[in-house]
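Engineer: Which chain is which? The protein sequence lines are A and B, in order. Under the numbering used here, the first residue of the first sequence carries the number 1, and numbering increases by one thereafter. Under the numbering used here, the first residue of the second sequence carries the number 1, and numbering increases by one thereafter.
Take the hints with a grain of salt, since some may be wrong.
Unchecked claim - Reference excerpt, derived from the structure (chain B facing chain A, CB under 10 Å, subset only):
| hint | residue |
| --- | --- |
| 1 | Pro-8 |
| 2 | Leu-43 |
| 3 | Ala-92 |
| 4 | Gly-108 |
| 5 | Thr-116 |
Said to hold, decoys possible - Just some of the chain A residues that point at chain B, by a computed CB distance under 7 Å:
| hint | residue |
| --- | --- |
| 6 | Pro-29 |
| 7 | Arg-42 |
| 8 | Gly-43 |
| 9 | Ser-46 |
| 10 | Ile-49 |
Worth flagging that the hints you see were computed from the coordinates, not collected in a lab. Even for Gly, the Cβ is constructed at its ideal location relative to N, Cα and C.
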Amino acid sequence: KNQVEQSPQSLIILEGKNCTLQCNYTVSPFSNLRWYKQDTGRGPVSLTIMTFSENTKSNGRYTATLDADTKQSSLHITASQLSDSASYICVVDITGGGNKLTFGTGTQLKVEL
Amino acid sequence: NAGVTQTPKFQVLKTGQSMTLQCAQDMNHEYMSWYRQDPGMGLRLIHYSVGAGITDQGEVPNGYNVSRSTTEDFPLRLLSAAPSQTSVYFCASSERLGTGGRYEQYFGPGTRLTVT
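Take these sequences, add in the hints, and give me the full structure.
Structural biologist: Structural data, given as structure tokens:
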């Protein structure tokens with residue numbers, strides 16, 4: 001069983017709408033939790049990084065939250081744009097050293113007109 | 001800065017052939033790593049390096065070799081390609097962001113490898 005589970009697997013929304021992606025993890029303790037955006041045919045790009053003691057982190061229209069008690073994180077996208085169409089990946093870094101990263105399988109988001 | 005570059009972008013190999021996937025970064029990062037990405041699975045770490053001359057195994061190292069003779073380059077070698085190595089390979093470099101266990105990770109564009 002994957003230690004980082006993401007939901008939904010895929011999502012279609014209309015341009016301008018908001019959406020929230022979920023990440024449930026069983027990895028504990030950990031150093032930091034991060035969200036990546038991966039466009040089709042490209043490498044992942046970092047959106048947010050939160051240490052275990054942080055509750056929220058924003059990057060423009062992207063806001064990530066972390067609840068260490070329930071072992072859940074979410075990524076909220078505000079006023080979606082067509083360019084937001086991508087896979088969003090939740091990653092838990094156990095040690096902070098980069099060699100113990102557990103990647104989720106991603107949520108595939110499509111933003112339509 | 002070109003960031004992290006990878007070559008080739010696409011490659012088709014026959015079973016048993018060997019090849020090297022190239023990775024280079026111009027950001028002077030000490031930490032570099034190789035991942036593979038397969039459908040329905042998260043990225044998995046193959047090998048990583050914390051600096052020139054130092055490499056270590058990740059989660060799925062079998063069938064792959066790495067070396068790190070310079071800070072800039074981190075090639076991944078497939079010794080005898082197998083169909084199970086059909087995947088998309090990503091190289092990444094990382095820089096530490098102050099203290100507290102945070103670092104920024106930069107991925108290359110990937111190499112799509114098919115082994116027949």
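Engineer: Now tell me, hint by hint, if it's right for this structure.
Structural biologist: Against the structure, the hints:
no.: 1; hint: Pro-8; verdict: violated (14 Å)
no.: 2; hint: Leu-43; verdict: holds (4 Å)
no.: 3; hint: Ala-92; verdict: holds (7 Å)
no.: 4; hint: Gly-108; verdict: holds (5 Å)
no.: 5; hint: Thr-116; verdict: violated (21 Å)
no.: 6; hint: Pro-29; verdict: violated (11 Å)
no.: 7; hint: Arg-42; verdict: holds (6 Å)
no.: 8; hint: Gly-43; verdict: holds (3 Å)
no.: 9; hint: Ser-46; verdict: holds (6 Å)
no.: 10; hint: Ile-49; verdict: holds (5 Å)
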